[in-house]
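Going down the list, the sequences are from chains A and B. First residue of the first sequence: 1, per the numbering used here; consecutive thereafter. First residue of the second sequence: 1, per the numbering used here; consecutive thereafter.
No lab work stands behind these hints: they were computed from the structure. These numbers were taken from a predicted model, which means no experiment stands behind them. Hints are not guaranteed to be accurate.
Stated by the list, open to error - Straight-line C-alpha distance at most 25 Å; calculated DSS-like pairs for lysine-lysine:
id, chain 1, residue 1, chain 2, residue 2
1, B, K64, B, K98
2, A, K85, B, K169
3, B, K172, B, K249
4, B, K292, B, K249
5, B, K130, A, K35
6, B, K105, B, K172
7, A, K85, B, K65
8, B, K229, B, K266
9, A, K51, A, K35
10, B, K130, B, K105
11, B, K302, B, K337
12, B, K229, B, K362
13, A, K84, B, K249
14, B, K381, B, K98
15, B, K337, B, K362
16, B, K266, B, K337
17, B, K64, B, K292
18, B, K130, B, K169
19, A, K84, B, K172
20, B, K304, B, K65
21, A, K85, B, K172
22, A, K85, B, K249
23, B, K362, B, K330
24, B, K330, A, K35
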Amino acid sequence: MITSTTTPSFNTMFRFQWEQAQNCFVLLFPEGMVKLNGSAGEIMQLIDGVKTVQQITDALQNKFPEAGDLSQDVIEFITIAIEKKWLYNDH
Amino acid sequence: MTIKEPSKTQENKVQEIEQVQNTEQLSNSSANIGPPLWLLAELTYDCPLHCPYCSNPTELGDIKKELTTQQWCQVFSEAREMGAVQLGFSGGEPLLRKDLEVLVKHARELGFYTNLITSGIGLTEKRIAKLKVAGLDHIQISFQGADPEVNDAIAGRGNAYQQKFNMAKAVKAQGYPMVLNFVMSKQNIAQIPEIMRLSCELEADYVELATAQYYGWAYTNRDHLLPSKEQLVESERLVNEFRDQQEGKGPHFIFVTPDYFETRPKACMNGWGTTFLTVTPDGSALPCHSAKMLPLTFPNVKDKSIRDIWQQDFSFDYFRGDNWMPQPCKSCDEKEKDFGGCRCQAYMMTGDMHKTDPVCSKSEDHHLIQQAIESATNPSKAIVKRINHTADKYTKDPSLNITQMKI
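Chain A with its partners taken away, still in its complex shape (with noise of 0.2 Å):
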């Protein structure tokens, strides 16, 4: 269950980059490749294993003020993302 004090990191199997090509932020792992659309590369660039979900939406919140209360979509994209493995979760 994912709260404002989850720590979410990396699985390092997965590697996090701008493509230029595709003009989006992907994930690579072997043989595979996902793309991830605006808001899950904005909020993926955020995640560095210390920074808690909490600390997250609010450094969205700063960059996007017209965008309205993100926290749901911050728990829910991290709970995907957890979920497919591209990150754990650290209490």
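With chain A held as given, fit chain B onto it using these hints.
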């Protein structure tokens, strides 16, 4: 090398995709051409093993004509510039290239995700470490069986299993994603439960149980390789049973079954000239690793840039879009799903590379598949072991006839 099927799951916020549409319009093709996302670099056809399922061409070519380090680096730079992002180092056995670390380093610095597709023969802990320093992202080790007896009989080399086992452990220990590729055929399919247990013991991250596809040597030996329908059904049951008791832990298993038992063909290479680019040891650029057999003239990277090859070559354009399709493909409502199947398979079985892949039940040649399945129940020719460049010096007869397989 097996091709992953594109994932079918769509999430609201993310997409898993193998093919990308480029927004640039390219005037001389009937279709929008995306970037060659996946570059397969076949560094050499030489190999220390003799697997009868090998999909390399049975004519292995002149070893002296292999691309140089500089030529490969040029290929990588040009492909990367076009948006290629996955790079597979393959062959034959890529470890036989002494410049492998140099190539890996160059590729990694360009931003490629680099995959080493290897038998593990010739690998050492020291080399695994050197490759890591060079920036290699992942090592995939092939296995031919769950134990030394089966493995080494198929690979045609003693001590192969032990070497692979040791190297798989070392790869994991040095922090790489660890991927195992078990090439499946009639010769080892009964070992599926043991194979899955072995994968857990080796703590693999991904495991491909990949039924050998019938190209090159594998086509010659198909009768000895193609499993029966019953064997496949039972195998699928065992794989699912094993997965269920894993409860989400341990290796992620992917089971790839032969298209011969389907009624619709595979979307070969995700579509000719849309996603995959193969460069062979002598620099031939192909839309897939067996296309050289087709009556088309393919370009060479020594003469043409990757951009020109991908965007302007007659052979790469030839099967793009659907203008080339005969009936029934042309009017079929599934043509955008499977593109009429595999051109090489159509050519090998019917003599005409345009025809519907005989796997399709709509194909007028579908009976050829049924004949092949029947023929595999009673092979008439002996199995042919792969001959390598190093062995060529001593063998005048291009095929070694082994009439007895000790399994």
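Now for the hints, and whether the structure bears them out:
The hinted pair formed by K64/B and K98/B meets the criterion: a straight-line CA distance of about 15 Å does not exceed 25 Å. Distance hint between K85/A and K169/B is fulfilled; the C-alpha atoms sit about 22 Å from each other, no more than 25 Å. Taking the CA atoms of K172/B and K249/B, the gap is about 16 Å. The hint holds against a cut of 25 Å. In summary, the hint linking K292/B to K249/B is not supported, as the alpha carbons are separated by about 42 Å, beyond the 25 Å threshold.
Our distance criterion of 25 Å between C-alpha atoms is broken by K130/B and K35/A, whose separation comes to about 30 Å. Distance restraint check for K105/B and K172/B: the Cα-Cα separation of roughly 20 Å lies within the 25 Å cut-off, and the hinted pair is therefore satisfied. Proposed proximity of K85/A and K65/B is contradicted: the alpha carbons are some 44 Å apart, above 25 Å. This hinted pair checks out: K229/B and K266/B have alpha carbons roughly 18 Å apart, not beyond 25 Å.
Only pairs whose Cα atoms come within 25 Å are accepted, and K51/A paired with K35/A is accepted, the gap being roughly 23 Å. This hinted pair checks out: K130/B and K105/B have alpha carbons roughly 10 Å apart, not beyond 25 Å. With a CA separation close to 34 Å, the supplied pair K302/B and K337/B exceeds the 25 Å bound. Only pairs whose Cα atoms come within 25 Å are accepted, and K229/B paired with K362/B is accepted, the gap being roughly 20 Å.
Taking the CA atoms of K84/A and K249/B, the gap is about 12 Å. The hint holds against a cut of 25 Å. Between K381/B and K98/B the alpha-carbon distance is near 38 Å, which puts this suggested pair outside the 25 Å criterion. The suggested pairing of K337/B with K362/B holds, with an alpha-carbon distance near 15 Å, which does not exceed 25 Å. In summary, the hint linking K266/B to K337/B is supported, as the alpha carbons are separated by about 9 Å, within the 25 Å threshold.
Of the supplied pair hints, the one linking K64/B and K292/B holds, its CA atoms being roughly 19 Å apart against a limit of 25 Å. Under the criterion of a C-alpha separation no larger than 25 Å, the hint pairing K130/B with K169/B is consistent with the structure, at around 16 Å. Straight-line distance between C-alpha atoms of K84/A and K172/B comes to about 21 Å, which keeps the hinted pair within the 25 Å bound. About 17 Å separates the Cα atoms of K304/B and K65/B, which keeps this hinted pair within 25 Å; it holds.
For the hint pairing K85/A with K172/B, the CA-to-CA distance comes to about 18 Å; that is within 25 Å, so the pair holds. Distance check on the hinted pair: K85/A and K249/B sit about 11 Å apart at the alpha-carbon level, within 25 Å; holds. Of the pairs offered as hints, the one joining K362/B and K330/B holds, with about 12 Å between alpha carbons and a cut-off of 25 Å not exceeded. Between K330/B and K35/A the alpha-carbon distance is near 32 Å, which puts this suggested pair outside the 25 Å criterion.
In this structure, the hints that do not hold are numbers 4, 5, 7, 11, 14 and 24, in rising order.
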